[in-house]
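A.B. asks: One line per chain: the protein sequences are A and B, in this order. Quick note: the first sequence uses the numbering used here, first residue 59, plus one each step. Quick note: the second sequence uses the numbering used here, first residue 9, plus one each step.
For the record, the hints were derived by calculation from the structure and aren't laboratory data. No residue lacks a Cβ here, since even glycine has one placed at the ideal position from N, Cα and C. One should not assume that every hint holds.
DSS-like cross-link-like pairs, simulated, lysine-lysine; straight-line CA separation at most 30 Å [stated by the list, open to error]:
(1) 434(B) to 248(A)
(2) 185(B) to 248(A)
(3) 265(A) to 129(A)
(4) 426(B) to 764(B)
Among the chain B residues that face chain A by a calculated CB cut under 7 Å, a handful are [said to hold, decoys possible]:
(5) 116
(6) 414
(7) 635
(8) 679
(9) 691
(10) 697
(11) 700
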Amino acid sequence: MLLPKFKFHEPKTEQEACQILTEYGDKARPIAGGTDLVVNMKKKLMSPEHVVSLSRIASLKGLQKENGFVKIGACFTVADMIEAKDIRENVNALSAGAAALGSPLVRNLATIGGNLGSARPAADLPPPLMAYGATLILKSGKGKRNIAIDDFFKSPGTTECRPDEFIAEIQVLTPPAGAGAGYINLGARKAQDCNIVNVASFICLNKSGVIDTARVILGCVGPVHLRAPAAEKILMGEKPDKVLFRQAADAAKTDCLPITDFRGTGEYKRAMVGVLTQRTLEIALDEAKKNN
Amino acid sequence: MKGNIIGKRIPRIDSVPKATGTAEYTVDLKLPGMIYGKILRSPLPHARIKSLDVSAAEALPGVCAVITAADVPMGKFSFFQWLADKTIFSSDKVRYVGDEVAAVAAIDADTAEKAIELIQVDYDPLPAVFETEEAMTADAPLIHDQESNIGFKVERHFGDPDNAFESCDFVVEGCYKTDRVAHCCLEVSNCVASWTPEGRLSIWTNAQAPHTQRQEVARILEIPLQDVRIINSHMGGGFGSKLVMDMKLPIAAVLSKKTGRPVKIQNTRAEEFSTAKTRYGYTMYVKTGAKKDGTLQARTVRVIADNGAYHDKGPATLNFSSMMFATLYNIPNIHYEGMVVYTNKQMSTAFRGFGNPQLTFACEVQLDELAEKIGMDPVEIRRINANTPGQKLQCGAVVPTCGLRECIEVAAQNIAWKEKYNRKDKLRGVGVANMVHTAAGGRYYGYNATDSFIKVADDGTVSIVTPGLEMGQGVHTVVAMIVAEELGLDMKSVKVLSNDTDLTPYDLGSWGSRATFVVGNAALATAREARVVIIETAAKMLDTKPEFIDLENGMAVARGPGMPEKSVSMGKLAAYAINNMKAPISVKGQWADDIPEDWDIKTEFVKNVRSFAFATQTCEVEIDKDTGEVKVLKFVAAHETGTTMNEMLAEGQIEGAVMQGIGFTLMESMTLDNGRVVNDGFLDYKLPTFGEQPEIDVQLIETGDPHGPYGAKGIGEAGLVPTAAALANAIYNASGIRVTELPITREFMLNALREK
Numbered sequence: 059m060l061l062p063k064f065k066f067h068e069p070k071t072e073q074e075a076c077q078i079l080t081e082y083g084d085k086a087r088p089i090a091g092g093t094d095l096v097v098n099m100k101k102k103l104m105s106p107e108h109v110v111s112l113s114r115i116a117s118l119k120g121l122q123k124e125n126g127f128v129k130i131g132a133c134f135t136v137a138d139m140i141e142a143k144d145i146r147e148n149v150n151a152l153s154a155g156a157a158a159l160g161s162p163l164v165r166n167l168a169t170i171g172g173n174l175g176s177a178r179p180a181a182d183l184p185p186p187l188m189a190y191g192a193t194l195i196l197k198s199g200k201g202k203r204n205i206a207i208d209d210f211f212k213s214p215g216t217t218e219c220r221p222d223e224f225i226a227e228i229q230v231l232t233p234p235a236g237a238g239a240g241y242i243n244l245g246a247r248k249a250q251d252c253n254i255v256n257v258a259s260f261i262c263l264n265k266s267g268v269i270d271t272a273r274v275i276l277g278c279v280g281p282v283h284l285r286a287p288a289a290e291k292i293l294m295g296e297k298p299d300k301v302l303f304r305q306a307a308d309a310a311k312t313d314c315l316p317i318t319d320f321r322g323t324g325e326y327k328r329a330m331v332g333v334l335t336q337r338t339l340e341i342a343l344d345e346a347k348k349n350n
Numbered sequence: 009m010k011g012n013i014i015g016k017r018i019p020r021i022d023s024v025p026k027a028t029g030t031a032e033y034t035v036d037l038k039l040p041g042m043i044y045g046k047i048l049r050s051p052l053p054h055a056r057i058k059s060l061d062v063s064a065a066e067a068l069p070g071v072c073a074v075i076t077a078a079d080v081p082m083g084k085f086s087f088f089q090w091l092a093d094k095t096i097f098s099s100d101k102v103r104y105v106g107d108e109v110a111a112v113a114a115i116d117a118d119t120a121e122k123a124i125e126l127i128q129v130d131y132d133p134l135p136a137v138f139e140t141e142e143a144m145t146a147d148a149p150l151i152h153d154q155e156s157n158i159g160f161k162v163e164r165h166f167g168d169p170d171n172a173f174e175s176c177d178f179v180v181e182g183c184y185k186t187d188r189v190a191h192c193c194l195e196v197s198n199c200v201a202s203w204t205p206e207g208r209l210s211i212w213t214n215a216q217a218p219h220t221q222r223q224e225v226a227r228i229l230e231i232p233l234q235d236v237r238i239i240n241s242h243m244g245g246g247f248g249s250k251l252v253m254d255m256k257l258p259i260a261a262v263l264s265k266k267t268g269r270p271v272k273i274q275n276t277r278a279e280e281f282s283t284a285k286t287r288y289g290y291t292m293y294v295k296t297g298a299k300k301d302g303t304l305q306a307r308t309v310r311v312i313a314d315n316g317a318y319h320d321k322g323p324a325t326l327n328f329s330s331m332m333f334a335t336l337y338n339i340p341n342i343h344y345e346g347m348v349v350y351t352n353k354q355m356s357t358a359f360r361g362f363g364n365p366q367l368t369f370a371c372e373v374q375l376d377e378l379a380e381k382i383g384m385d386p387v388e389i390r391r392i393n394a395n396t397p398g399q400k401l402q403c404g405a406v407v408p409t410c411g412l413r414e415c416i417e418v419a420a421q422n423i424a425w426k427e428k429y430n431r432k433d434k435l436r437g438v439g440v441a442n443m444v445h446t447a448a449g450g451r452y453y454g455y456n457a458t459d460s461f462i463k464v465a466d467d468g469t470v471s472i473v474t475p476g477l478e479m480g481q482g483v484h485t486v487v488a489m490i491v492a493e494e495l496g497l498d499m500k501s502v503k504v505l506s507n508d509t510d511l512t513p514y515d516l517g518s519w520g521s522r523a524t525f526v527v528g529n530a531a532l533a534t535a536r537e538a539r540v541v542i543i544e545t546a547a548k549m550l551d552t553k554p555e556f557i558d559l560e561n562g563m564a565v566a567r568g569p570g571m572p573e574k575s576v577s578m579g580k581l582a583a584y585a586i587n588n589m590k591a592p593i594s595v596k597g598q599w600a601d602d603i604p605e606d607w608d609i610k611t612e613f614v615k616n617v618r619s620f621a622f623a624t625q626t627c628e629v630e631i632d633k634d635t636g637e638v639k640v641l642k643f644v645a646a647h648e649t650g651t652t653m654n655e656m657l658a659e660g661q662i663e664g665a666v667m668q669g670i671g672f673t674l675m676e677s678m679t680l681d682n683g684r685v686v687n688d689g690f691l692d693y694k695l696p697t698f699g700e701q702p703e704i705d706v707q708l709i710e711t712g713d714p715h716g717p718y719g720a721k722g723i724g725e726a727g728l729v730p731t732a733a734a735l736a737n738a739i740y741n742a743s744g745i746r747v748t749e750l751p752i753t754r755e756f757m758l759n760a761l762r763e764k
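Required output: the full structure, derived from the provided sequences and hints.
C.D. replies: Printed below as a string of structure tokens:
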């Protein structure tokens with residue numbers, strides 16, 4: 059399997075990267091770990107004339123906790139995300155997503171920015187990031203802009219990111235007291251798999267123990283990761299228990315559009331949306347209670 | 009047995025290069041001047057070739073040669089030549105997605121790939137058929153110029169099953185199916201061919217049977233056998249997929265002859281999944297009858313095996329599974345009918361167990377159904393019907409040693425059968441299955457003999473030239489252990505030379521759990537010859553009698569009544585033989601299977617197997633009622649080894665095989681879309697990984713064997729033979745769901761749980 063011919067650029071600063079992307083526009087494609095892009099190029103699904111590596115830009119590799127946010131550079135690797143104490147202690151469901159992604163070899167190369175930028179509906183990092191209500195910082199020669207992750211994905215492989223832009227940073231608000239989140243991915247095997255369904259849930263309990271924020275995100279069952287509005291509506295304003303979660307899980311099954319393919323029937327995927335919604339809500343509740 | 013070396017936990021002699029990544033496989037090979045070949049394969053499952061135009065490919069700069077059916081001998085070929093049905097390239101029609109149509113050689117792999125895309129082929133699509141029972145219908149498209157798609161049939165018959173069923177108290181009948189699964193060798197099929205001007209064709213490849221592949225290459229290219237040489241390296245897995253020559257060997261050879269340069273052809277992983285052949289999928293109609301005391305009286309089976317588009321090992325697979333069918337239990341009335349049926353899919357071939365895992369799944373699941381009908385514990389019905397040492401079976405086979413009852417006991421005990429069977433809580437359950445397998449390959453070639461050579465160097469190193477084909481199973485380590493044991497050496501002092509048909513004696517290769525048995529026996533005979541010569545030399549050197557000499561710790565030591573102990577190192581002794589006796593120490597030893605000369609495989613087919621190894625596996629599973637996931641909690645694999653040569657190797661073989669069996673049972677399947685393999689990579693072909701590995705308690709039962717080296721039996725395949733049935737039976741015990749078709753996917757389990 060051949061790689062199509064392309065010109066390779068290795069800018070050392072964000073500014074340099076902006077210049078290159080502005081110059082080549084939609085003929086260019088940023089690369090970080092390359093675990094998605096190179097595979098797709100070999101399969102001839104993509105053939106950018108210019109590949110712009112972001113891996114030498116030191117400012118994209120940071121991780122900091124600042125002003126109530128966990129800020130993760132786009133080139134922070136998935137392997138490092140699993141190890142990072144700031145992520146594990148503040149946004150644990152994101153750690154779970156990172157641990158579920160690929161194999162150790164893939165995780166050593168793959169980055170958080172790449173997992174979002176490639177916009178695969180089965181990806182492991184979008185559900186927890188959407189559950190936490192993360193924000194993406196996009197940069198270009200025209201400056202930077204913030205975009206809510208819910209607005210980022212457009213369709214499989216396409217995002218809000220313009221050809222002259224790159225993802226610079228992901229900011230996650232540290233959940234307040236009473237909040238918790240859970241992430242579960244289901245494949246045919248425990249590791250190195252393409253998910254059949256993946257779900258993340260986030261709830262926040264107010265002082266009287268009532269859910270005042272609920273986000274349920276469904277992966278693999280639509281062109282992009284989906285919020286589950288019917289499920290969230292059932293959760294809001296209620297006290298959490300198994301029965302409520304069961305109702306939310308049933309509602310989530312109506313919030314998705316699974317297709318039948320060789321990985322599973324739509325029917326099975328829909329059933330699994332229910333199971334994983336229930337189970338991730340239970341994890342979220344446990345964490346919310348501990349986090350009080 | 010515990011010797012100084014045999015029976016010990018000895019690390020593999022190739023463990024350091026393999027663990028550190030320095031071991032060189034054939035895929036790593038680069039020869040000076042080497043160019044790269046690539047095969048153009050059919051994109052359609054069944055089609056006539058209307059026209060073929062290679063001119064654009066030939067015109068591409070960097071292309072050295074383009075070949076089609078016009079450039080190669082077009083005699084038909086098959087492993088069994090009397091079933092020959094495949095040419096090197098398809099010239100008239102293609103019969104599966106992947107069929108070879110043309111090939112190129114170019115200065116690099118990129119150019120070869122580009123050139124392939126430039127070849128224009130005009131196809132006229134034909135109706136295709138993918139399911140065996142559909143292919144057997146009168147209006148099915150015919151894949152070859154034959155009256156039907158049934159390619160081969162075999163029948164075995166003992167006693168009078170029809171009458172016996174009449175007198176049985178209980179009879180069960182059912183249909184069972186197993187899927188086509190891939191060998192998943194980590195090293196893909198590949199070769200480098202170099203056809204030099206003097207007319208010698210050397211092929212470096214990962215072959216499990218280099219000597220028979222050498223014959224196959226000569227046969228298909230219509231050249232003298234002496235012109236062909238096959239060379240192996242370290243090998244990244246075989247499992248049966250690399251027994252019969254792949255067409256890339258003659259294709260690379262012709263490309264090399266045309267260009268005068270060595271040519272490499274290597275499968276991509278997608279090509280490997282689509283064309284490197286699969287396990288024969290079996291559809292089995294089975295009927296079993298027993299008396300109310302549980303004794304089995306009659307059993308019949310009709311096996312329909314999925315051949316794929318061309319013949320390969322189908323007849324041998326059917327024959328072999330018929331033998332195991334007749335010998336697992338001593339059933340007086342048996343009928344076996346087997347057939348291979350052509351479909352428009354990639355070819356099937358041998359795969360660890362050779363038809364036996366498929367048939368054992370059906371028979372051992374049905375035995376549980378029968379036990380339930382009788383009201384008998386599954387362990388008990390197996391105990392009642394187990395063979396015993398020395399038993400002569402109704403089908404004519406004799407089992408000289410048999411540890412099946414010990415296997416059943418330990419497997420039941422270690423899974424805590426009594427507490428766990430029928431506990432009916434939390435969707436947890438236990439299952440059991442027995443198996444028998446050859447412990448010594450097969451005799452169907454009509455001969456089964458090999459030899460090896462030993463030389464002793466003046467540095468004390470002992471080298472053995474063996475045909476033992478190392479494909480990762482550890483036969484070179486076993487051969488070195490045998491030499492070290494017999495000559496009183498440590499493992500470092502023994503060197504194993506192999507891997508080249510110009511160097512090694514003739515042997516049939518590594519398959520059928522035969523390598524330790526056959527090649528090991530030859531190594532043992534050779535080492536014992538060497539021992540005699542070494543001791544005679546030492547007696548001369550130390551001025552004593554041979555009977556006073558012993559070999560230990562790299563020394564020949566003389567101890568006798570009234571004499572002081574004297575000793576000499578192996579190196580000095582070898583130097584003395586070379587310099588003083590003018591008789592360097594080098595010997596030959598051989599082993600030949602005493603196959604009866606009047607043996608007729610058709611009437612006395614059970615004599616194909618020299619020695620049998622029995623086993624019992626038990627397991628515990630838990631089913632997730634929400635997702636349908638079957639969690640395998642524990643396996644106990646109690647296997648008869650005769651004599652355990654090396655516990656580490658035996659455990660590794662069985663653990664690996666159980667994992668392969670778990671994949672076969674729960675996950676693996678070739679998914680096709682109009683004949684094209686959809687899941688042609690490790691992401692979507694679900695091979696289990698360490699996440700799925702349960703605790704595997706391997707129990708090695710030493711019963712000895714009258715013919716094996718030190719009493720050893722081969723155990724290379726046995727580990728996955730009963731695995732599927734044990735799992736399916738545990739699933740029934742946990743859930744009440746009787747599974748008759750593999751793989752048992754989560755979705756299947758969830759739907760079945762909901763229907764209950």
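A.B. asks: So, for every hint listed, does it hold in this structure?
C.D. replies: Comparing the hints with the structure gives:
no.: 1; hint: 434(B) to 248(A); in the structure: 21 Å, holds
no.: 2; hint: 185(B) to 248(A); in the structure: 26 Å, holds
no.: 3; hint: 265(A) to 129(A); in the structure: 28 Å, holds
no.: 4; hint: 426(B) to 764(B); in the structure: 26 Å, holds
no.: 5; hint: 116; in the structure: 10 Å, violated
no.: 6; hint: 414; in the structure: 34 Å, violated
no.: 7; hint: 635; in the structure: 6 Å, holds
no.: 8; hint: 679; in the structure: 5 Å, holds
no.: 9; hint: 691; in the structure: 6 Å, holds
no.: 10; hint: 697; in the structure: 5 Å, holds
no.: 11; hint: 700; in the structure: 6 Å, holds
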